[in-house]
Amino acid sequence: MPDWKMLVRRRLGHVDLPSGSAKAVVSELAAHLEETYQHALANGLTNRAAIRLALQEVDDWRVLAVNISRAKEGLMNHRTKSLWLPALITLSAASVSLAVTQFLRTQPRLVWIGGWGMTFYWQWLATLPLFGALGARLSQRAEGTTRARLAAGLAPSLTMLIVMSLILPWGLAIDGFHFFRLVGFGLGLVNWVAIPAAALLIGALPFAFRSGWNLRVNA
Amino acid sequence: MSKRIRSNIARGSAEIAILALLAEQPLYGFEIAKQIGERTGGALKFTLASLYPLLYEMEKRGWVEAYWQANAAGRDRRYYRLTLIGRRQLAPLRAEWRSFFHALDALAGVSHA
Numbered sequence: 001m002p003d004w005k006m007l008v009r010r011r012l013g014h015v016d017l018p019s020g021s022a023k024a025v026v027s028e029l030a031a032h033l034e035e036t037y038q039h040a041l042a043n044g045l046t047n048r049a050a051i052r053l054a055l056q057e058v059d060d061w062r063v064l065a066v067n068i069s070r071a072k073e074g075l076m077n078h079r080t081k082s083l084w085l086p087a088l089i090t091l092s093a094a095s096v097s098l099a100v101t102q103f104l105r106t107q108p109r110l111v112w113i114g115g116w117g118m119t120f121y122w123q124w125l126a127t128l129p130l131f132g133a134l135g136a137r138l139s140q141r142a143e144g145t146t147r148a149r150l151a152a153g154l155a156p157s158l159t160m161l162i163v164m165s166l167i168l169p170w171g172l173a174i175d176g177f178h179f180f181r182l183v184g185f186g187l188g189l190v191n192w193v194a195i196p197a198a199a200l201l202i203g204a205l206p207f208a209f210r211s212g213w214n215l216r217v218n219a
Numbered sequence: 001m002s003k004r005i006r007s008n009i010a011r012g013s014a015e016i017a018i019l020a021l022l023a024e025q026p027l028y029g030f031e032i033a034k035q036i037g038e039r040t041g042g043a044l045k046f047t048l049a050s051l052y053p054l055l056y057e058m059e060k061r062g063w064v065e066a067y068w069q070a071n072a073a074g075r076d077r078r079y080y081r082l083t084l085i086g087r088r089q090l091a092p093l094r095a096e097w098r099s100f101f102h103a104l105d106a107l108a109g110v111s112h113a
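Chains as they are written, first to last, in our numbering: chain A, 1 to 219; chain B, 1 to 113.
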């Protein structure tokens, strides 16, 4: 007899559902295939014919995976709920916070490191743990994986990293290679990616690894 | 008839078939498909691919609720039972289908009697 759970897990692929829900779906569909198979055997079919009959229950497993995901999750799929939406909210909140900081004409602090000046918006950096926590918590609530929670919490820094990675080759192509440009890029990375990432991480970490609060009472 | 209309009719008939069946007793997926097939003489046939997305959607809407229960052989089955919301859906759905068949009968004489 085939291992129906293994078969369903393989054929269904990465059905876009929270892991607990995906496991339950796999168990349920495997049980259905097994019953179809056993029923066919009981009706006198050969083992091979019974397996073939059970497999005929699904024409296209990818379509089934999409249909199940849509039926269970609605318009927004699991990835959108657990990653893209929390990441967008975190990014927006951090951006608004920076804009407000600048609007209030808060002076950035100039710090000299080995003859190089860096400006820090301390007030803005101080708010980032809150937004890191917000992103990770929203992802956690949507049953996001640890990776998704961290990505959602660190979204502002990751976005800046992508933007700067695009700017550097562009700048080098336009202006040519300069040592000072590379140093400036490195300082920009520290200033706008690494330090904000550390601040965001402080807020995100408590939500990244622990499981969500169980608000449901098991019947 | 367009594919969309056909698909809506198929979907509507599937919903009422499942609701009507679950109004009698809680059942698990395989048994739902089996009973619908047997009781309609094979006219309505559910495969795994057509049944479960519909059950999950009905569960999400709150029409049915599911619970795991092991049978005598120790095999876990996920049973579905009708909720109060689902029960309330059944009467208007029955009335809609009755009027649909009356209308079709008046037009095309498709009554089985």
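Please note: incorrect hints may appear among the correct ones.
What the hints assert, rightly or not - Pairs of lysine-lysine, DSS-like flavour, derived with a Cα cap of 25 Å:
no., chain 1, residue 1, chain 2, residue 2
1, A, K23, A, K5
2, B, K60, A, K5
3, A, K5, B, K45
4, B, K60, A, K23
5, B, K34, A, K5
Stated by the list, open to error - Computed far set for chain B versus chain A, every beta-carbon distance over 12 Å:
no., residue
6, I16
7, G29
8, T47
9, A49
10, R88
11, R94
12, S99
13, A106
No lab work stands behind these hints: they were computed from the structure. The structure displayed is predicted, hence computed values, not measured ones. Yeah, the Cβ is synthetic: ideal placement off N, Cα and C, and Gly gets one too.
Evaluation of the provided hints:
no.	hint	verdict
1	A:K23 / A:K5	10 Å, holds
2	B:K60 / A:K5	24 Å, holds
3	A:K5 / B:K45	24 Å, holds
4	B:K60 / A:K23	17 Å, holds
5	B:K34 / A:K5	21 Å, holds
6	I16	18 Å, holds
7	G29	5 Å, violated
8	T47	5 Å, violated
9	A49	5 Å, violated
10	R88	21 Å, holds
11	R94	24 Å, holds
12	S99	28 Å, holds
13	A106	35 Å, holds
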